[in-house]
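Protein chains: 10
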Amino acid sequence: MITDRQQVTDMIVSAKVSKGVKWRDVAEVIGQSKEWSTAACLGQMAMSKEQAEKVGEIFELSDEAVAWLQIAPYKGSLPTAVPTDPLIYRWYELVNVYGTTLKELIHEEFGDGIMSAIDFSMDLTREEDPKGDRVNVVMSGKFLPYKTY
Amino acid sequence: MITDRQQVTDMIVSAKVSKGVKWRDVAEVIGQSKEWSTAACLGQMAMSKEQAEKVGEIFELSDEAVAWLQIAPYKGSLPTAVPTDPLIYRWYELVNVYGTTLKELIHEEFGDGIMSAIDFSMDLTREEDPKGDRVNVVMSGKFLPYKTY
Amino acid sequence: MITDRQQVTDMIVSAKVSKGVKWRDVAEVIGQSKEWSTAACLGQMAMSKEQAEKVGEIFELSDEAVAWLQIAPYKGSLPTAVPTDPLIYRWYELVNVYGTTLKELIHEEFGDGIMSAIDFSMDLTREEDPKGDRVNVVMSGKFLPYKTY
Amino acid sequence: MITDRQQVTDMIVSAKVSKGVKWRDVAEVIGQSKEWSTAACLGQMAMSKEQAEKVGEIFELSDEAVAWLQIAPYKGSLPTAVPTDPLIYRWYELVNVYGTTLKELIHEEFGDGIMSAIDFSMDLTREEDPKGDRVNVVMSGKFLPYKTY
Amino acid sequence: MITDRQQVTDMIVSAKVSKGVKWRDVAEVIGQSKEWSTAACLGQMAMSKEQAEKVGEIFELSDEAVAWLQIAPYKGSLPTAVPTDPLIYRWYELVNVYGTTLKELIHEEFGDGIMSAIDFSMDLTREEDPKGDRVNVVMSGKFLPYKTY
Amino acid sequence: MITDRQQVTDMIVSAKVSKGVKWRDVAEVIGQSKEWSTAACLGQMAMSKEQAEKVGEIFELSDEAVAWLQIAPYKGSLPTAVPTDPLIYRWYELVNVYGTTLKELIHEEFGDGIMSAIDFSMDLTREEDPKGDRVNVVMSGKFLPYKTY
Amino acid sequence: MITDRQQVTDMIVSAKVSKGVKWRDVAEVIGQSKEWSTAACLGQMAMSKEQAEKVGEIFELSDEAVAWLQIAPYKGSLPTAVPTDPLIYRWYELVNVYGTTLKELIHEEFGDGIMSAIDFSMDLTREEDPKGDRVNVVMSGKFLPYKTY
Amino acid sequence: MITDRQQVTDMIVSAKVSKGVKWRDVAEVIGQSKEWSTAACLGQMAMSKEQAEKVGEIFELSDEAVAWLQIAPYKGSLPTAVPTDPLIYRWYELVNVYGTTLKELIHEEFGDGIMSAIDFSMDLTREEDPKGDRVNVVMSGKFLPYKTY
Amino acid sequence: MITDRQQVTDMIVSAKVSKGVKWRDVAEVIGQSKEWSTAACLGQMAMSKEQAEKVGEIFELSDEAVAWLQIAPYKGSLPTAVPTDPLIYRWYELVNVYGTTLKELIHEEFGDGIMSAIDFSMDLTREEDPKGDRVNVVMSGKFLPYKTY
Amino acid sequence: MITDRQQVTDMIVSAKVSKGVKWRDVAEVIGQSKEWSTAACLGQMAMSKEQAEKVGEIFELSDEAVAWLQIAPYKGSLPTAVPTDPLIYRWYELVNVYGTTLKELIHEEFGDGIMSAIDFSMDLTREEDPKGDRVNVVMSGKFLPYKTY
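Protein chains in written order, with full-length UniProt numbering: chain E, 1 to 149; chain H, 1 to 149; chain C, 1 to 149; chain S, 1 to 149; chain Y, 1 to 149; chain W, 1 to 149; chain V, 1 to 149; chain P, 1 to 149; chain X, 1 to 149; chain L, 1 to 149.
Source of the hints: derived by calculation from the structure; they are not laboratory data.
Do not rely on the hints blindly, as some may be mistaken.
Capping the alpha-carbon separation at 20 Å, the derived lysine to aspartate or glutamate pairs in EDC-like fashion look like this [said to hold, decoys possible]:
{"hint": "1", "chain 1": "E", "residue 1": "Lys16", "chain 2": "E", "residue 2": "Asp63"}
{"hint": "2", "chain 1": "E", "residue 1": "Lys16", "chain 2": "H", "residue 2": "Glu109"}
{"hint": "3", "chain 1": "Y", "residue 1": "Lys19", "chain 2": "V", "residue 2": "Asp63"}
{"hint": "4", "chain 1": "X", "residue 1": "Lys19", "chain 2": "P", "residue 2": "Asp63"}
{"hint": "5", "chain 1": "Y", "residue 1": "Lys22", "chain 2": "V", "residue 2": "Glu108"}
{"hint": "6", "chain 1": "C", "residue 1": "Lys16", "chain 2": "Y", "residue 2": "Asp112"}
{"hint": "7", "chain 1": "S", "residue 1": "Lys22", "chain 2": "E", "residue 2": "Asp4"}
{"hint": "8", "chain 1": "H", "residue 1": "Lys19", "chain 2": "E", "residue 2": "Glu108"}
{"hint": "9", "chain 1": "W", "residue 1": "Lys16", "chain 2": "Y", "residue 2": "Asp112"}
{"hint": "10", "chain 1": "W", "residue 1": "Lys49", "chain 2": "V", "residue 2": "Glu108"}
{"hint": "11", "chain 1": "Y", "residue 1": "Lys16", "chain 2": "V", "residue 2": "Glu53"}
{"hint": "12", "chain 1": "V", "residue 1": "Lys16", "chain 2": "L", "residue 2": "Glu53"}
{"hint": "13", "chain 1": "S", "residue 1": "Lys19", "chain 2": "C", "residue 2": "Glu109"}
{"hint": "14", "chain 1": "X", "residue 1": "Lys16", "chain 2": "P", "residue 2": "Asp63"}
{"hint": "15", "chain 1": "W", "residue 1": "Lys147", "chain 2": "P", "residue 2": "Glu128"}
{"hint": "16", "chain 1": "E", "residue 1": "Lys147", "chain 2": "H", "residue 2": "Asp133"}
{"hint": "17", "chain 1": "X", "residue 1": "Lys49", "chain 2": "H", "residue 2": "Glu109"}
{"hint": "18", "chain 1": "L", "residue 1": "Lys19", "chain 2": "H", "residue 2": "Glu53"}
{"hint": "19", "chain 1": "X", "residue 1": "Lys131", "chain 2": "L", "residue 2": "Glu109"}
{"hint": "20", "chain 1": "C", "residue 1": "Lys19", "chain 2": "C", "residue 2": "Glu57"}
{"hint": "21", "chain 1": "L", "residue 1": "Lys16", "chain 2": "X", "residue 2": "Glu108"}
{"hint": "22", "chain 1": "W", "residue 1": "Lys16", "chain 2": "W", "residue 2": "Glu57"}
Have a look at the derived ranges for each label pair, beta carbon to beta carbon [unchecked claim]:
{"hint": "23", "chain 1": "H", "residue 1": "Asp10", "chain 2": "S", "residue 2": "Val21", "range": "51 to 59 Å"}
{"hint": "24", "chain 1": "S", "residue 1": "Val21", "chain 2": "W", "residue 2": "Asn136", "range": "42 to 50 Å"}
{"hint": "25", "chain 1": "C", "residue 1": "Asp123", "chain 2": "E", "residue 2": "Val29", "range": "46 to 54 Å"}
{"hint": "26", "chain 1": "V", "residue 1": "Gln6", "chain 2": "L", "residue 2": "Asp25", "range": "35 to 43 Å"}
{"hint": "27", "chain 1": "E", "residue 1": "Glu127", "chain 2": "L", "residue 2": "Pro145", "range": "47 to 55 Å"}
Beta carbons: idealized from backbone N, C-alpha and C, even for Gly.
Just chain E, same shape as in the assembly (with noise of 0.2 Å):
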């Protein structure tokens, strides 16, 4: 009996290791980006119906798992309030420190409101550079003014 998302996810992570996926396998099988499938594999978004059977085929899931995947998750995927995890504490760090200036120029720019992160995607790029190589995100998040009323 499957009660909760994160025991599919628990299954999927496990095969995934089993197996050697790659996560851009899993993308190109079901047709969407490396960034949104990896999410929703790891239970932050809810897949068709389509999508679900093709997932549950790469990792053998139960038809009971399979259901689960396409049901709105409980989003969420951090265990802290504040992530330990070096690398995406980076991330925490990156809103931390940049926050106030990221709120200052798109006010500047858009008036008041936010950038959704609903209406969101974004996309993970290697950068070449004989310094080091570089790691590119472009996050593209439409603008929401608060509404007057």
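Mind docking chains H, C, S, Y, W, V, P, X and L on chain E? Use the hints.
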């Protein structure tokens, strides 16, 4: 007597509202990007003597305040571990929802290590879109592999 | 020197008590709902120049304070993550008790996504009831589906 | 041996995914609103014997589980004080941003007291809108004045 | 300029120490119980105009302070979620040790619902006892059943 | 193997739901108040051998479980510092709102010291009231003065 | 205007540094132990009129400050739940490491109950030791058994 | 497979309840004080091979468990930063109320430094007293001065 | 099914106790320092295939476990933000007491930037000393200057 | 009136920026290492009379401030339990990632006990490196074995 970089940030923010200065104008005067310039004015980066003096002129700061702008500040711009401001919270949410995805994809591409938040730059632009303009942010950080010893 | 929007909120709240102003009168003067107007005066919304000047007149604010009313504020009106005030706590309790219910029903009706807190309005009215009058609050937020990419 | 209401909630949620049951169908069977019915199934309300037995049939629960549905549960449906799930967080954000506004307007209309979260009902509907459908939630709670003694 | 009810509480507490006023004398003057009167002076209840004026006389408060006494305050009298003061901590401990007992017994007697903390009164008296006098506190709160809808 | 008093509490609570036992019946069998008896069953008090054996009979506990009932337990019955359950929260709220009032009035009557939570008893009764029945709780704790040395 | 016992503690601490007073001299003047006297000066105990006046003389306090010394203070001398100061942290660590041991041994000797922190005294002395002098602290608290009712 | 010292502590505590062993008997068998012996059994000290084997006999532990008793454990015996158990809380309260007093008096006697919690011993005894027996605890820790370099 | 790196760490720690393996022997077998090797076994570093197989042999791990050793783990080895174990706490205390000193001296020598915790190595040795042997730890991290852009 | 060591730290930091003093120059004047001297100026160590007077001359402090420099301060230099400043955070991260490694290796070499943070010194130097200069920190702390008694 100034005892804390925050006091200089307060002076800058206060003068900015009174004078109606734009961050992009500050950036132009000191010859850096608007992202770095804003972060520096908000107490997250140390300025060179020349940069500090120009900022001092724009905001009519005292010599003591200009000296403080050249000190490496105690960084971190948020009053709480989980930010309450909706615009900044969306960025925290992105780290929470996509944190493990970023970790997986960077490791898949580069191996164990992190994306630097120090050897880092970012660029925020408006992308026009008939369904509503979008905020685009490009982030670039050097990949640093864990050292084996 | 004003360095923080909270200082302007303090001025407004202080003047309101001394002068016995009603929020609904403020709303009428600036031509918006009482909900938006109160939130704006309490530092949660940015005002237009015209709105800010009218509010400035009502509460006899300085020009500097009026300038601050037009700045997108750092939002979040509560001093603690779990509010201690009984009236506000009841709202937190509703989120705690009904949070998963709201999630289930919105997903059942709309699929994966959220109800916007930005493209949002609310209307609070008194409903007369012989067993004790009731507070009625209508909340309306645009549904935003998660983007697949 | 069932030792905790959460175990019954897990059984219900698990069966719901496997069987593809809708909350609105559960509501119809037990003759209550979809809001109350969902909250009750998710462990936030106690059911009558009759309601519990009907729910037990829908989800094929054991007699022991049906007995637990009639116990007043330890309420609170969120794993963290500040919810991480984006849909639920928006509601928390509304309390954070509009909390003091709700307080001011209820006091202005009713005097000192609270809006009850116990003598309370809510109704969630879809409002069609050419610019994107909206989630409408009507909340109704009895006003309870502070007793003077 | 008074910007916060806490400032008026500070004035009252300060004057009380200097003048050696007793809470029970305040209660007599305003014609309410010593429990309600003390809570009101400490910023937890709103006073009527007449009550506020009498309190103003006792503690020689300004008109502005007297106006603040009539405002519904932001309640919650403790600086930390878990109180450090030993006397107050014992009450927190009672909730911690006996909380589930209170829940069980109220539900056994009344069914699902709560004991109101709003339609509530309490009475504290000294009970003489040869083995050491005792503090007796009688608390009375209306039972509020959960509404089914 | 039982390693924790909580496991015995789980057994009792589980058996209570299945058998439909009332706390007041348990109290009668062990010859103590319903308040003390419930707290003891819920793992907050240590029982005598005789009491433990009677409780063991009521709930059909093993000898090992009966032995555990006689051990002074690690007390504290709440899973979070601020309780989420609305019934228990109201008690926490009373401590928060009235904590400083209790402190002032006990000190005014008795001087510096505390009301004991150990040499303590309480009695919960239903008070019939045409406007809605009330929960009455009488708490009695020995006053303990701070020792000067 | 003094509004808080902490302000008087600040005055005492400030005067102590300037004048080079020793706590043991304060103790001698007021005729109590150095432990109680220091705690009282640091805002953790209430003084008698006579004691307060003598302390007032030593530190040249105003009459208002002397009046505050006689008020039962809001106790708790640490700014954070886990103390950061290494000397005080060692005591917290002792509670953390030996807390369950103290619990087991007191229960083994006395049965269920606590060691009072109110009917309590302590005595700190230097024990000379060729391997390095030792701090010896004798703590004595009345055992209070849990009342059965 | 034992993966954590806590599992061995659980075995010891479970066997102790079933067999009715006393800590003072354990202490006698291993030839150390009851304080050290109890702390060691509860997972706060590492035992020698000989001590571990004797403890293993008393509680009928497996060889694997006996091996774990000789490992320096991850210390800290409390489940929350502020302990909820009333007996242990009183010790936390002593640190909170008397922490600054201990700091002042140790510095007055010894200068800057700490009292060691490692080169430390304690002795808990019952002091008979006609007004109620007392718990006496003598703590002895080496003074360690801060090194200047 | 292994779903988490922590499970492999548990297997290693358990086997280490049973077999009496030394970390320095593990280090020798995999040909890295004892510091890196221990951290890697404890789930803080990713191993190469060859290293993982050798570690698998030492601790008799399954192929699945060996596969997990090659995955970049979710790092952070402490169960609480402030560690309770005395040995590890002393390191936290050093950061707390000397953190601002390290910041000042690194900035004085290098300008604004950080010492890398990724391009980092450390070496722990015993320094013999007649007054008591000392732990010597040499830490070496690359200086990373903040990038200006 | 100085009431807190932090006020003196503020004076020193403020004067240091205005005068452009270097920590290494302060160290030279008082004849101690730059590490100890900086920590002492930042309020983490107590100075001798002679040291305090020299520091007073460098930063032009009042006699009262010089007296405060000789008092053992309340230590802990960070405003939050998890530091937000990136440079200091890296040290916290090292404790988090390597904490259990340090524990294992110290126990393997020395047995159960700790490395002292009191009988401790450290030395920070620049190591030139063609791939980028490195920060080297040597830490030396006395090993303190747990006492058996």
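Structure versus earlier hints - violations, ascending order: 5 and 6
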